[in-house]
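Residue numbers (the numbering used here), protein chains in the order written: chain A, 377 to 491; chain B, 832 to 944.
Hints are computed from structural coordinates only; laboratory data are not their basis.
Ideal placement from N, C-alpha and C gives every residue a C-beta, glycine not left out.
There could be a bad hint or two in this list.
Covered stretches of chain A (in silico footprint by chain B; criterion: 3 or more residues with CB under 8 Å from a CB of chain B, positions within the stretch not fixed) [unchecked claim]:
no., segment
1, 402-413
2, 419-425
3, 481-491
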Amino acid sequence: KAGVTQTPRYLIKTRGQQVTLSCSPISGHRSVSWYQQTPGQGLQFLFEYFSETQRNKGNFPGRFSGRQFSNSRSEMNVSTLELGDSALYLCASSSQPGTSGNEQFFGPGTRLTVL
Amino acid sequence: AQSVSQHNHHVILSEAASLELGCNYSYGGTVNLFWYVQYPGQHLQLLLKYFSGDPLVKGIKGFEAEFIKSKFSFNLRKPSVQWSDTAEYFCAVNYGGRRALTFGSGTRLQVQP
Numbered sequence: 377k378a379g380v381t382q383t384p385r386y387l388i389k390t391r392g393q394q395v396t397l398s399c400s401p402i403s404g405h406r407s408v409s410w411y412q413q414t415p416g417q418g419l420q421f422l423f424e425y426f427s428e429t430q431r432n433k434g435n436f437p438g439r440f441s442g443r444q445f446s447n448s449r450s451e452m453n454v455s456t457l458e459l460g461d462s463a464l465y466l467c468a469s470s471s472q473p474g475t476s477g478n479e480q481f482f483g484p485g486t487r488l489t490v491l
Numbered sequence: 832a833q834s835v836s837q838h839n840h841h842v843i844l845s846e847a848a849s850l851e852l853g854c855n856y857s858y859g860g861t862v863n864l865f866w867y868v869q870y871p872g873q874h875l876q877l878l879l880k881y882f883s884g885d886p887l888v889k890g891i892k893g894f895e896a897e898f899i900k901s902k903f904s905f906n907l908r909k910p911s912v913q914w915s916d917t918a919e920y921f922c923a924v925n926y927g928g929r930r931a932l933t934f935g936s937g938t939r940l941q942v943q944p
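With the rest of the complex left out, here is chain A (with noise of 0.2 Å):
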C-alpha cells in the first residue's frame, strides 16, 4: 500500500498571503488529522477530519481551516500569513473506528516558511 502523500513538499510565502496544502491518506483510510510541528512547540494537534466532516479541533486560531472530500483526500488552508506559522505540517490517516482504528500513519510533511 503506498504511504500518506503530502503536496507540496516545501513552500515559501510571504506574510499576509494563504497557502493551502493537500494530503492523500493511505488507501482505505477515512481519517485524516493534522499536526504542526516546530522547533518551539514541538508536535501540536490542528484537527481531524472523518467523513467529511470536522471531528475534532486543536487551539489553532480561526485563521487555520481543513476540509475533508469524499475519497479522503484533505486540504489545510492558512490564512493571512504570520512569520510563526513557519512549521512542518504533518498530516496522519487512520482506518476505521475501532481498536486499531487510533493509529495514525504519517507523511512526510510539508515544510513552509513564512518571510
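Once you've looked at the hints, dock chain B against the given chain A.
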C-alpha cells in the same frame, strides 16, 4: 489541559548500551499510548502502541515499553542500542478513544559507534 512529559531531551549512548526513555502523561481517563520515532530526514513511524491488555508491549526493532497505570508512565526500553537507532523519539497519548494525539517534546537519541 492534558499533557505528556518526556524527561530526557538529549541522550547520548554508546553502541550496545541499554536505553530507557521516560514518558509521563497527565490523567485523563481512558488512554491509548504510543511511541513514534523520526529518523533523520524521514517521517514519523510508529514503534509500538498500547491499547489494553498486557502492560508490557513489544514493538519493532527490539523496542519495548511498559505501561504503569499507577505512575501514569509509559517508558520506552531497548536492551542494546545500535548506531542506526539514532533518531528522535516521541511519546504520544490519545484520550477517551479520540484520535487527536498529544505529543511529548521528544527525546533526541544519539548513538555513538
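message = So is the segment 481-491 of chain A in contact with chain B by the C-beta rule, three or more residues under 8 Å, or is the coverage claim wrong?
response = As far as the segment 481-491 of chain A goes, the hint holds, because 5 residues have Cβ atoms under 8 Å from chain B.
Per-stretch coverage check for the segment 419-425 of chain A, three Cβ contacts closer than 8 Å to chain B = holds (count 4)
inquiry  = At least three residues with a C-beta closer than 8 Å to a C-beta of chain B: is that true for the segment 402-413 of chain A?
reply    = Coverage by chain B holds here, the residue count being 3 at a Cβ distance below 8 Å.
Of the numbered hints given earlier, the model fails none.
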